[in-house]
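Next come the chains, spelled out residue by residue.
2 protein chains.
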Amino acid sequence: MTELKHMKWWGWGVEGVAFHHEDKPNFAPFVYQKLGLDLSGSADTPPTFDEIDAPASSASEELLTALRTIVGEGQVVTEDLDRVVHTYGKSLRDLLMVRANLLPRIPDVIVYPSNELEVQKVLAFAVAEDAVVIPFGGGSNIVGSLTPYAGESRIIISLDMGRLRRVLGIDEDSGLARIEAGVLGPDMEEQLNQRGWTMGHFPDSFTHSSLGGWVATRSSGMQSDKYGDIADITRGLRMARPDGVVELHALPSTSTGPSVREMILGSEGRLGVITEVTVNVHRIPEQREIQAYLFPSFNAGVEAMRLIAESDASPSITRVSDANETAFTFATQKESKGIGGKVQVGLFKVLEKRGWDMERVALSFIGYEGSPSHVKYQKSIVGKIVRSQGGIGIGSGPGKLYDQKKFDTPYIRDFLLDRGACADVSETAAPWSKLPQLHANVVAAANEAYDRLGITPGWIMCHLSHSYHSGACLYFTFAYVSKSDDSISEYDGVKSTIQQAFIDNGATLSHHHGVGLEHAPWMEGDISKGGVELIQGLFEFADPKHVLNPRKVTGK
Amino acid sequence: MTELKHMKWWGWGVEGVAFHHEDKPNFAPFVYQKLGLDLSGSADTPPTFDEIDAPASSASEELLTALRTIVGEGQVVTEDLDRVVHTYGKSLRDLLMVRANLLPRIPDVIVYPSNELEVQKVLAFAVAEDAVVIPFGGGSNIVGSLTPYAGESRIIISLDMGRLRRVLGIDEDSGLARIEAGVLGPDMEEQLNQRGWTMGHFPDSFTHSSLGGWVATRSSGMQSDKYGDIADITRGLRMARPDGVVELHALPSTSTGPSVREMILGSEGRLGVITEVTVNVHRIPEQREIQAYLFPSFNAGVEAMRLIAESDASPSITRVSDANETAFTFATQKESKGIGGKVQVGLFKVLEKRGWDMERVALSFIGYEGSPSHVKYQKSIVGKIVRSQGGIGIGSGPGKLYDQKKFDTPYIRDFLLDRGACADVSETAAPWSKLPQLHANVVAAANEAYDRLGITPGWIMCHLSHSYHSGACLYFTFAYVSKSDDSISEYDGVKSTIQQAFIDNGATLSHHHGVGLEHAPWMEGDISKGGVELIQGLFEFADPKHVLNPRKVTGK
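These protein sequence lines map, in sequence, to chains A and B. One rule links them: number in this note's numbering = place in the first sequence (from 1) + 2. One rule links them: number in this note's numbering = place in the second sequence (from 1) + 2.
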């Protein structure tokens, strides 16, 4: 038996942790108004695992014995629960599937290697046996990167990287840390923090996602404006392949032809399995604060973020919510704290008197890090820009709350799902000039999808989550009470409409969630037919038998 | 006939521009002392083109007619001078070859397309005819990326991109410009400057290198600390292939699998021909200045650059020269200006009294850009760090001189070559922790090579040219008076010793010059056998007939 803990098979996070709204008086009325969902009723109980009918493993005793020879006796698992946990990530679609006992194809066996050589041997074995290998980190993926192809007839091995979890060394002069790829976010940061360092990478999935997973799907974190996306943070890496290991030593920059580093980033297991990553790490900053601001409209907030990107300031977080998300944030605050309660009421009255339309107000968070004088300098530049767009600062209180609760959103999603409401996310990036139209058109497209599917009311909200010189990421969250017996097709209808709106408006299919199976249909629309061909050509060379997480990214 | 102007066939730059030292009294004594070269004698006259015996073109009239149908009557050239100009870049090796009439294989025909469709048709034609295509931008390459394989038996077409030179549009909200790939640096910046914008990319080759060439070889510029390497600046691009066009629309960041953008960056023509690039552009900064500093040693200067990279400051240029390069810089100053003359003598006396060893002094330039208050803020952070390493500021005078003369170094190289001295450059990058040992070991390796080859004295000098969070670029310049009848083998002996020292010391084979033919032997040592295999696999898919600039990057 492995000692590793996995997430709930039926939802996000660990057993015993859940969202509750008893101390948030505005939440139930808000959900009723926006989704038509009455929270006073009782929740569906998630199915017990007894009700799940997992297909039997097809792994022969001979195959299992061979795998045990590689990774050790207790590290080869065929139990149903483990195989079901390794079948899906944690998108809404994944939860709908698993809760409905829809398991068309699940892994036949899970292996838990403890080092790179064992990983490499498993891959060589898979090629020899014509078995499929799907690497698994924290299991938080939401684009189908972990899900076996339903029609797969070969043996499927899920390769769980959780035992490769050590920070192997820190080069303190260079700000580089060599880290095993299977480590989960909190474990890694704890090891770094103990020595005074941080990687500064905090995706929403942080508590249940792995370093290797971040690299394999091109992750971004909340403070990526300062620390960079994982593609910037990753300076060197090692990737096991069936016939050996690709080794890229850590470099600040290099000119060695097409970037192998950038081929492995985003490869989602199709080139091999990332075993070790050398990453940029930073001294824990002297000061760190998140200030909140309000803007009279989302577009005013976006324009402020654009001006900040153009300015001499370089904050660690730039975030602004549209009117819907701002309203949602207010509704999920406790009465006694932050801007959810009486303080908000008073503030809103003042702003209304100033002529603000409070239905359009946009909440923004901006993060600052560095020496106290640097934080002060940055805040002064940002303050001027905020005012130039009609915005006002409302202090650091809301930011502290945001910082504490930032990893909890998936629990709200599961809470709603237990009560019949579907919620999921879709994010993208585009140049600044396209963002206002993109936002309007995606919202319109989602509402058209709701109408088409007979979903009334449906909900969509958005925030700008990362800023760059030339553009930003828009992160949409959508929710509705399912009206169909076929909730999977209904979900696919909403999600694919939003994805298509991204492509139709010159935005990308994903800024930081990856491609997997779910986004593969939009690859040609995003990077052109010729671009997909180059990726597929690389995959065909690297894996002619299609045993390495087949069909992910390109669909082929 | 094409209207395009090319560089001298026998050296850098345009006819009529050359280095002279009459107003630099310390230059001749310095060269005599360091290289044993007496500049009072007369120079070799470069050969006239009459002496060059260019192999005849093998292009048939039928083939030329077909190419004329694609690009137009006057845009297909087979004249000897044009074909020789398109045979080599401008490395020392290239000049030794061409001046010695060593032309084992030269292009059979030059074509000058005017748009992407013509480029694409030339590529399709080349595949159909099994002819080789070598793309050509400004012709400044110094790693053999332009040179045909000597044993090539097929027709060779040099595809000169110089007519694709327009800035097609600026998205002013996003800071993005769409630009044709054949444009040379000064032409491009002039078009951008007219509208108040700059790309901020100024490689040493700027005056004679093209946008497409920068992308195809992963170029860096002098202000890359602020504006990013070309890989960061490039947000979208179009690449013609024999069967169509790869189109990547401009995005600030994306999560679409292995990065096709980063496959095309550095591909040196092996995947297709870059026709258009969408790049980050910036408003011309309000203030711009370069401050000079002196450090008691190179390692003290490097440590200061490391601390600046770790600090809250973000200068546009970080540069520090070792003792040899500092002495060279002083020797090339005019008497009346900067720190080359009387001012230096006085300053050095003061520093000697403070206990400095003036044989070890290291000159540094740091560039600042932004609002006046931002420049002031940055300078104050940097000033503290400089002082912490024992350094002193010496004002903005030397920086102004450096800024004016920064593109002139290749003319000095040609001046020396006319007088029998060989000089060339080799640059690399490594983590901060490795830089002091790397510097010492590369210098030692070069000196060992000089000894082995009977070169006494030989010269090598270095500057740190670009800083990153985790490391920096070290840029070496080496020079010697040739002692061998076989000056090519002699040069290869020195250059390859330096390259091997890079790899042996954990540095990369090149930070920003690319791979070409010259650096290909070190690819496996740099990115591992498995890494080279992935690149070659991609090339094999993209170009199964090996007609697209064959053998570049991987040597295969």
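Source of the hints: derived by calculation from the structure; they are not laboratory data. Hints are not guaranteed to be accurate.
With a Cα cut of at most 25 Å, we get these calculated DMTMM-like pairs of lysine to aspartate or glutamate [claimed, not checked]:
| id | chain 1 | residue 1 | chain 2 | residue 2 |
| --- | --- | --- | --- | --- |
| 1 | A | K558 | B | E542 |
| 2 | A | K386 | B | E542 |
| 3 | A | K558 | B | E249 |
| 4 | A | K436 | B | E542 |
Broken hints, numbered, in rising order?
-> Per hint list: 2, 4 violated.
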